[in-house]
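S.K.: Taking the hints into account, I'd like the entire structure generated from these sequences.
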Amino acid sequence: MAEAAIPRAAEHPPYLAHHFSDIEQQNEAGTLGMWVFLVTEIMFFGGLFAGYTIYRYLYLPGFEAGSRLLEVQFGAINTAVLIGSSLTMALAVRSAQLGRRKALIGFLVLTILLGLVFLGVKFNFEWIHDYHEHLVPGMGFSHPGPHEPAIQLFFCFYFFMTGLHALHMIVGVGIMAVLIAMAARGKFDGGHYSPIEVSGLYWHFVDIVWIFLFPLLYLVGGRY
Amino acid sequence: MTGHVVPVRVYVGIFLALLVLTGLTTGVAFVDLGPWNTVAALAIAGVKMMLVALFFMHLRWSSSLTRIVVLAGFFWLAILIAFTLTDVGTRYWSPTPQGWTAPTPAPAAQR
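Sequence order for the protein chains is A and B.
Here the first sequence is numbered in this note's numbering, starting from 1 and rising by one per residue.
Here the second sequence is numbered in this note's numbering, starting from 1 and rising by one per residue.
Calculated from the structure, these hints are not laboratory results.
Quick reminder that beta carbons are idealized off the backbone N, C-alpha and C, glycines included.
Please note: incorrect hints may appear among the correct ones.
As the list claims (entries may be wrong) - Computed from the model, here is a short list of chain B residues facing chain A with C-beta under 7 Å:
1) Thr22
2) Thr38
3) Val52
Said to hold, decoys possible - Simulated coverage check for chain B against chain A, where a stretch passes if three residues somewhere in it have a Cβ under 8 Å from a Cβ of chain A:
4) 5 to 17
5) 56 to 68
6) 71 to 83
M.R.: Laid out in structure tokens, this is it:
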């Protein structure tokens with residue numbers, strides 16, 4: 001009886017739920033589940049992208065004028081920062097796969113720092129600047145000219161889309177902080193890296209959203 | 001047990017490619033290409049998305065089931081945007097071209 005229990009315990013490590021036959025199956029289910037969630041996120045952001053497309057089609061000159069009011073260098077810098085955070089996140093997943101705890105924690109900390117740099121640039125150099133320029137709808141918006149209502153509409157989309165994206169970034173930073181605490185307690189030693197993998201999928205998804213927001217908001221108005 | 005471990009140089013290569021594409025899309029925005037500016041911006045963003053999804057998100061090494069789920073998501077997004085645009089773009093009656101109007105009957109008052 002006691003001898004029979006030993007191989008069972010070895011086959012079923014504590015992180016393997018009893019309804020999965022092996023760790024491969026559990027990881028596969030976790031990855032698929034995360035992708036299903038990300039598909040709902042695609043539709044969530046997709047509504048905003050569809051709305052933006054339609055109103056840009058209806059009020060093209062105003063949207064182009066609004067786009068040119070954004071400062072392209074901050075958008076480009078933030079794109080590079082976010083791509084860098086995706087690299088550190090991918091390397092964090094790799095460290096977890098190889099069971100390198102210190103490297104995992106280091107790359108997760110770097111990911112958080114780059115995420116905070118992105119949010120800092122957004123708040124300090126862009127949104128506050130927009131507020132002082134009276135470009136925030138509902139908070140004293142004023143940009144006299146023939147396209148004023150359409151420009152206000154553009155900025156509604158700008159703040160909803162970048163705001164929702166920033167909210168996802170803040171959630172992501174929180175997830176990374178939890179992962180660091182779990183990694184520090186040795187939760188991911190010995191081949192159990194699925195939580196890192198699926199959190200990485202979330203982080204890269206938020207990166208992809210920005211990869212589309214940057215050209216749509218900052219660039220397609222034409223900078224020439 | 002540990003899934004597919006991607007070499008570091010692949011990740012760094014993808015990172016550098018993404019930085020180059022970011023520079024390219026920013027640079028193209030300063031050149032007047034007419035409607036092709038929007039096409040170029042979206043095409044470059046699409047390539048960047050593919051690089052992130054295939055390599056950083058491991059779709060290149062994922063199971064077919066996961067890939068089908070992702071494709072279905074983007075297909076549904078395409079339906080959302082394409083069908084909404086076909087509605088909004090065709091809401092107003094086009095003006096009837098000249099010569100297509102029915103001949104007006106002769107006024108009855110002259111008889």
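S.K.: Now tell me, hint by hint, if it's right for this structure.
M.R.: Status of each hint after checking the structure:
no.: 1; hint: Thr22; in the structure: holds, 5 Å
no.: 2; hint: Thr38; in the structure: holds, 5 Å
no.: 3; hint: Val52; in the structure: holds, 5 Å
no.: 4; hint: 5 to 17; in the structure: holds (count 7)
no.: 5; hint: 56 to 68; in the structure: holds (count 7)
no.: 6; hint: 71 to 83; in the structure: holds (count 7)
Checked against the numbered hints above, the structure breaks none of them.
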